[in-house]
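Chains A and B, in that order, are what the protein sequence lines are. Everything in the first sequence is counted per the working numbering, starting at 1 for the first residue and increasing by one. Everything in the second sequence is counted per the working numbering, starting at 1 for the first residue and increasing by one.
Think of the hints as simulated: they come from the structure by calculation, not from any bench. Please read all numbers here as calculations on a predicted model, not as lab measurements. Treat the hints with care, since some could be wrong.
Under the rule of at most 30 Å between Cα atoms (straight-line distance), these lysine-lysine pairs were calculated in the DSS-like manner [as the list claims (entries may be wrong)]:
| id | chain 1 | residue 1 | chain 2 | residue 2 |
| --- | --- | --- | --- | --- |
| 1 | B | K74 | A | K65 |
| 2 | B | K42 | A | K13 |
| 3 | B | K74 | A | K23 |
| 4 | A | K3 | B | K74 |
| 5 | A | K23 | B | K42 |
| 6 | B | K42 | A | K63 |
| 7 | B | K42 | A | K43 |
| 8 | A | K23 | B | K39 |
| 9 | A | K65 | B | K42 |
| 10 | B | K74 | A | K74 |
| 11 | B | K39 | A | K63 |
| 12 | B | K74 | A | K19 |
This is what each chain is made of:
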Amino acid sequence: QVKLLQSGAALVKPGDSVKMSCKASGYTFTDYIIHWVKQSHGKSLEWIGYINPYSGGTNYNEKFKSKATLTVDKSSSTAYMEFSRLTSEDSAIYYCAHSSYIYRWFAYWGQGTLVTVSS
Amino acid sequence: DIQMTQSPASLSASLEEIVTITCQASQDIGNWLAWYQQKPGKSPQLLIYGATSLADGVPSRFSGSRSGTQYSLKISRLQVEDIGIYYCQQASSAPWTFGGGTKLELK
Chain A
1 QVKLLQSGAA LVKPGDSVKM SCKASGYTFT DYIIHWVKQS HGKSLEWIGY INPYSGGTNY
61 NEKFKSKATL TVDKSSSTAY MEFSRLTSED SAIYYCAHSS YIYRWFAYWG QGTLVTVSS
Chain B
1 DIQMTQSPAS LSASLEEIVT ITCQASQDIG NWLAWYQQKP GKSPQLLIYG ATSLADGVPS
61 RFSGSRSGTQ YSLKISRLQV EDIGIYYCQQ ASSAPWTFGG GTKLELK
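Bound conformation, chain B alone (with noise of 0.2 Å):
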């Protein structure tokens, strides 16, 4: 199975803060990749998909990137409802796979 390993497991940030988030792919997934925000009793909610694409409806302060291996999850003006848990998912091959998550706090 594809390991996807995520971090930081928390941070917290200032509004209008830049955030990064990161994913490490334990092989190949090309652009194979993409990003969730959960928000408390939430079901997940796509934001990221093919490493670099907007999901319909997203804010343009949200965007993707990718480095061989490793993926990025930038938040470039943190607001208020962007706190929540951040997952990557591999979709590359099955098992599809997700990262461990990031919590995303209010400093």
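Same shape as in the complex, but just chain A (with noise of 0.2 Å):
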């Protein structure tokens, strides 16, 4: 069955940067798009943007566009989110999640990574 494992919660100084991954298993990795969206505590769903990760390609949302970084490693099907110069505001929960090229719904969905950025 289809899953995404991502890496465990970190602790970041303000100013710090934290890499974040997504382990895919279950399905042909390449054959799905990676999104990444931010939860912060009690608040709504923001998507930060995609990783087309048979050609690498990305999509960002302009808001997150000089804070988040996508990459994969197909060796490993596995992706990445690098999030930088980190403030008190981006302490959240963090989700990978999958869908098709066609249809931007999010069928599968990670556990999620807790950031909690503190001095």
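Hints given; two lone chains; assemble the complex.
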């Protein structure tokens, strides 16, 4: 069955960067797009961007364009998101999710990675 | 960006009651709409896609409908396991955007 397994929680200092992972299994990695979604505590969901594992092509929400960098490692079926210049506003749960190339709703989600930014 | 205005923000209902949540899109998104349920401490789960299609494994008491740019999620007979937060999402154009959420509680 399809699984997206995310890396564990991270405690980082303001100004630092964090890189989180999303390991896919149960399907052909290059057949689906990987998206990243932010959920601040008690808040709604924000789409950060997606990466096409086949081509490496990316599409970012303008709000996160200078903040997030998406990459993939096809050999390990793993997607990565690096978040830079962290502030307290970046403390949140970050989810990876996948969609088809045509239909951009998310049938499968990772369990989430909690990022806490604190000195 | 397409704005998704969801209402109500919170809702208290009794078991077996009919529950309806709505989402208003700021522009035409056709049937490019999905609904998710999120339980505390869990990832969102896809309920409805294409505005009206039921996702795999979702009970038939859930249904989706559309009238112009207004979309509705209906739970025909509320069960205990339906408690959680519900979100709509437009999948018409990037950036994909979500509604603010509806917190559903038992009365």
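* Which hint numbers does the structure go against, in order from smallest to largest? -> As far as the earlier hints go, 1, 3, 10, 12 are violated by this structure, in ascending order.
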